[in-house]
Amino acid sequence: DAKTTQPPSMDCAEGRAANLPCNHSTISGNEYVYWYRQIHSQGPQYIIHGLKNNETNEMASLIITEDRKSSTLILPHATLRDTAVYYCIVRFDQGGSEKLVFGKGTKLTVNP
Amino acid sequence: DAGVIQSPRHEVTEMGQEVTLRCKPISGHNSLFWYRQTMMRGLELLIYFNNNVPIDDSGMPEDRFSAKMPNASFSTLKIQPSEPRDSAVYFCASGRLAGVREQFFGPGTRLTVL
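Line by line, the protein sequences give chains A and B.
Plus 238 on top of the position in the first sequence (first one is 1) and you've got my numbering.
Plus 89 on top of the position in the second sequence (first one is 1) and you've got my numbering.
I should point out that these hints are in silico values taken from the structure, not numbers from a laboratory.
Watch out, some of these pointers could steer you wrong.
What the hints assert, rightly or not - The calculated DSSO-like cross-link candidates involving lysine-lysine, where the alpha carbons are at most 30 Å apart (straight line), are: (1) Lys307/A x Lys345/A; (2) Lys342/A x Lys157/B; (3) Lys167/B x Lys337/A.
Claimed, not checked - Simulated restraints, written as ranges between beta carbons of each label pair: (4) Pro259/A x Pro143/B: 33 to 43 Å; (5) Gly92/B x Glu304/A: 32 to 42 Å; (6) Ala251/A x Asn160/B: 43 to 53 Å; (7) Asn141/B x Asn257/A: 21 to 31 Å; (8) Asn257/A x Glu103/B: 45 to 55 Å; (9) Lys337/A x Ser176/B: 20 to 30 Å; (10) Gly117/B x Lys337/A: 36 to 46 Å; (11) Asn268/A x Gly105/B: 44 to 54 Å; (12) Glu151/B x Asn295/A: 35 to 45 Å.
Claimed, not checked - Below, a sample of chain A positions facing chain B; criterion: calculated Cβ distance under 10 Å: (13) Gly267; (14) His287; (15) Asn291.
We put the beta carbon where it would ideally sit given N, CA and C, even for glycine.
This is chain B alone, in the form it adopts within the complex:
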């Protein structure tokens, strides 16, 4: 299996622009998680989905952030408009709802907002 796939791996954009991060979970997994990591705040859960349904979005910082999971093999995290304080590494992870609740993380997207 290729593991969790994220794209792009690096994104540099200017303040005010729309940013879309993409994630393909591991086939057969039915939970998907979006995390953000910064030096100041560490690793934070933004939102997670079970069976494509958003379960908890309490970690989403504000209305500028939105996440979708239109099917079991694809999810997006969108920031509009982007701000410099959104600069971070964004990780996507997937897992199963049954058995060992291990989360498999992708390589992350490093976002820089100028």
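Extracted from the complex, chain A is given alone in its bound form:
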């Protein structure tokens, strides 16, 4: 079962920042937080991941709280092409465990 809780849907205005929350209160010390998104009819796409520190790449920023029980994915300037389902996943990255367990995700709609 997925170990994360996300709101089922969110809306954002084009050009504004989209902040997608995720709760993972049972996360263990060795588990990473991963974010993927799935644009309609396509395969999921990796966005970003982190363990403790905040992370940023060309797609997004990931803010993880100090207690690691929640995180926020930030799309700084959302575009219409960012409309997708966003999945927050916790995963153990050692010992060969490669599983990604997808929950229901958050459907983000970016409006013009």
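Starting from the structure of chain A, add chain B where the hints point.
Relative to chain A, chain B alone:
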């Protein structure tokens, strides 16, 4: 790189027929994953391979499903006999065992069993 390649992209078959889905992972990747997505159950991991060896097949629904990876560049998922409830989009993904454990997904195969 062409990315993960899946074939066919669409498959329509009748109940009881054998269905074979194919996947070519990204060259150099040593992990391969098969997922199934339906409206009711979402995205589920069926099985994954590391270095062509099946590691976890606990997600395979029943004996009608089987997966093979005869070499590093090819994998199949077979359903025999197929049933209407197998209708779904099947995704293949590949990744590396070292470094960032990002999974790259293919475009999927939409299977319809009548």
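Each hint tested on the structure:
With a CA separation close to 21 Å, the supplied pair Lys307/A and Lys345/A stays within the 30 Å bound. Of the pairs offered as hints, the one joining Lys342/A and Lys157/B holds, with about 29 Å between alpha carbons and a cut-off of 30 Å not exceeded. Restraint check for Lys167/B and Lys337/A: the C-alpha separation of about 21 Å stays at or below 30 Å, so the hint holds. In this structure the hint that Pro259/A and Pro143/B lie 33 to 43 Å apart at CB holds, the actual value being about 36 Å.
Checking the proposed 32 to 42 Å range against Gly92/B and Glu304/A shows it holds: the Cβ atoms sit about 38 Å from each other. As the Cβ distance of Ala251/A to Asn160/B is approximately 49 Å, the hint placing it in 43 to 53 Å holds. Look at Asn141/B against Asn257/A: about 41 Å separates their beta carbons, and that is not inside 21 to 31 Å. Between Asn257/A and Glu103/B the C-beta distance comes to about 48 Å, which sits within the given range of 45 to 55 Å.
Our hint of 20 to 30 Å for Lys337/A and Ser176/B holds, since their Cβ atoms are close to 24 Å apart. As the Cβ distance of Gly117/B to Lys337/A is approximately 21 Å, the hint placing it in 36 to 46 Å is violated. Distance hint for Asn268/A and Gly105/B: a CB-CB separation of about 46 Å, consistent with the stated range 44 to 54 Å. With their beta carbons about 40 Å apart, Glu151/B and Asn295/A fall inside the hinted range of 35 to 45 Å.
Interface restraint check: Gly267/A against chain B, minimum CB-CB distance 17 Å, threshold 10 Å, status violated. Annotation: interface hint on His287/A holds; nearest CB of chain B at approximately 7 Å, less than 10 Å. Proximity of Asn291/A to chain B is violated relative to the hint, the smallest CB-CB distance being about 15 Å (cut-off 10 Å).
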